[in-house]
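Visitor: Here is how the chains run, residue by residue.
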Amino acid sequence: AQSVTQPDIHITVSEGASLELRCNYSYGATPYLFWYVQSPGQGLQLLLKYFSGDTLVQGIKGFEAEFKRSQSSFNLRKPSVHWSDAAEYFCAVGGELYGGSQGNLIFGKGTKLSVKP
Amino acid sequence: NAGVTQTPKFQVLKTGQSMTLQCAQDMNHNSMYWYRQDPGMGLRLIYYSASEGTTDKGEVPNGYNVSRLNKREFSLRLESAAPSQTSVYFCASSFSGRGTDTQYFGPGTRLTVL
Chain A
1 AQSVTQPDIH ITVSEGASLE LRCNYSYGAT PYLFWYVQSP GQGLQLLLKY
51 FSGDTLVQGI KGFEAEFKRS QSSFNLRKPS VHWSDAAEYF CAVGGELYGG
101 SQGNLIFGKG TKLSVKP
Chain B
1 NAGVTQTPKF QVLKTGQSMT LQCAQDMNHN SMYWYRQDPG MGLRLIYYSA
51 SEGTTDKGEV PNGYNVSRLN KREFSLRLES AAPSQTSVYF CASSFSGRGT
101 DTQYFGPGTR LTVL
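Protein sequences, first through last, are from chains A and B.
So in the numbering used here, spot 94 of the first sequence is number 94, and the numbers just go up one at a time.
So in the numbering used here, spot 111 of the second sequence is number 111, and the numbers just go up one at a time.
Hints may be right or wrong, so weigh each one.
To be verified - The following label-pair restraints were derived from C-beta to C-beta distances:
#1 B:T20 x A:S72: 39 to 47 Å
#2 A:P117 x B:T20: 18 to 26 Å
#3 B:T15 x A:P79: 17 to 25 Å
#4 B:S80 x A:T55: 46 to 54 Å
#5 A:T55 x B:K14: 49 to 57 Å
#6 A:S52 x B:K14: 47 to 55 Å
#7 A:A29 x B:S80: 33 to 41 Å
#8 B:K71 x A:T30: 29 to 37 Å
#9 B:K57 x A:G62: 15 to 23 Å
#10 A:P117 x B:S18: 40 to 48 Å
#11 A:S72 x B:K57: 23 to 31 Å
#12 B:T7 x A:T55: 39 to 47 Å
If you're looking for bench data, these hints aren't it; they were derived computationally from the structure.
Values in this document were obtained by computation on a predicted structure and should not be read as measured data.
Where a beta carbon is used, it is the ideal one built from N, C-alpha and C, also for glycine.
With the hints as extra help, turn the sequences into a complete structure.
Guide: Right, here's the structure in full:
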């Protein structure tokens, strides 16, 4: 069965510092991988996604993620964090639903990012 | 273009009461989804509708029913609410329902069952 693990529940970084959020997945075939961000009291917004091709994917708000098949990972990075990046981040894998080809998403449990001034 | 809208934003129910959460999208998407979000659990799929006229169970369907009213609207009903259904509920939609499609999320409904 597909699964997504985000090992870090809560991360605090200083404004201007670099950021890496970890995501590991379990999936039998080529995964479709997503990163979403949820600001407090808001819905989820797509940051970036990976299906195939170049393993380094650029997203919105200056985020990027790298797909590493050998490590079953899809880590999210940002070179310099801004206070407005404080939010919860969810990694998700798109896969098959009950043997079909429906595009369900399996979400990780999320990583909450706090930013120190 | 409002995207995905949900009503109500907040709701408090007593155990045993019923209610319907409404969701609508104006992006002409074919597929729609209902998730619940609980602290430390991420989002879990309750029901989905691949296209107008079809609905299927997701990971946690017990205690819920859904109706795909038309292409735009997908409602979630709690017939007899229980405290275990206290959660934040998100509706989402995608164009075709394929694994590669981006899902667009509504702002959520925060439900408390006393």
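Visitor: Does each hint fit the structure? Answer for all of them.
Guide: Against the structure, the hints:
In this structure the hint that T20 (chain B) and S72 (chain A) lie 39 to 47 Å apart at CB holds, the actual value being about 40 Å. A beta carbon spacing of about 44 Å between P117 (chain A) and T20 (chain B) contradicts the range 18 to 26 Å that was offered as a hint. Restraint check, T15 (chain B) to P79 (chain A): a C-beta distance of roughly 50 Å breaks the suggested window 17 to 25 Å. Evaluation of the 46 to 54 Å hint for S80 (chain B) and T55 (chain A) yields a pass: the beta carbon distance comes to about 49 Å.
Checked against the given bound of 49 to 57 Å, the beta carbons of T55 (chain A) and K14 (chain B), roughly 51 Å apart, stay inside it. Hint check: S52 (chain A) to K14 (chain B), Cβ distance near 50 Å, so the stated range 47 to 55 Å holds. A hinted range of 33 to 41 Å holds for the C-beta pair A29 (chain A) and S80 (chain B), which are about 40 Å apart. For the pair K71 (chain B) and T30 (chain A), the supplied restraint of 29 to 37 Å holds, since their beta-carbon distance comes to about 30 Å.
At about 39 Å, the beta-carbon gap between K57 (chain B) and G62 (chain A) misses the expected band of 15 to 23 Å. At roughly 47 Å, the beta-carbon separation of P117 (chain A) and S18 (chain B) lies within the given 40 to 48 Å, and the hint holds. A beta carbon spacing of about 28 Å between S72 (chain A) and K57 (chain B) agrees with the range 23 to 31 Å that was offered as a hint. Between T7 (chain B) and T55 (chain A) the CB atoms are about 41 Å apart, so this pair conforms to the stated range of 39 to 47 Å.
Figure legend: structure checked against the earlier numbered hints; hints not met, in rising order: 2, 3, 9.
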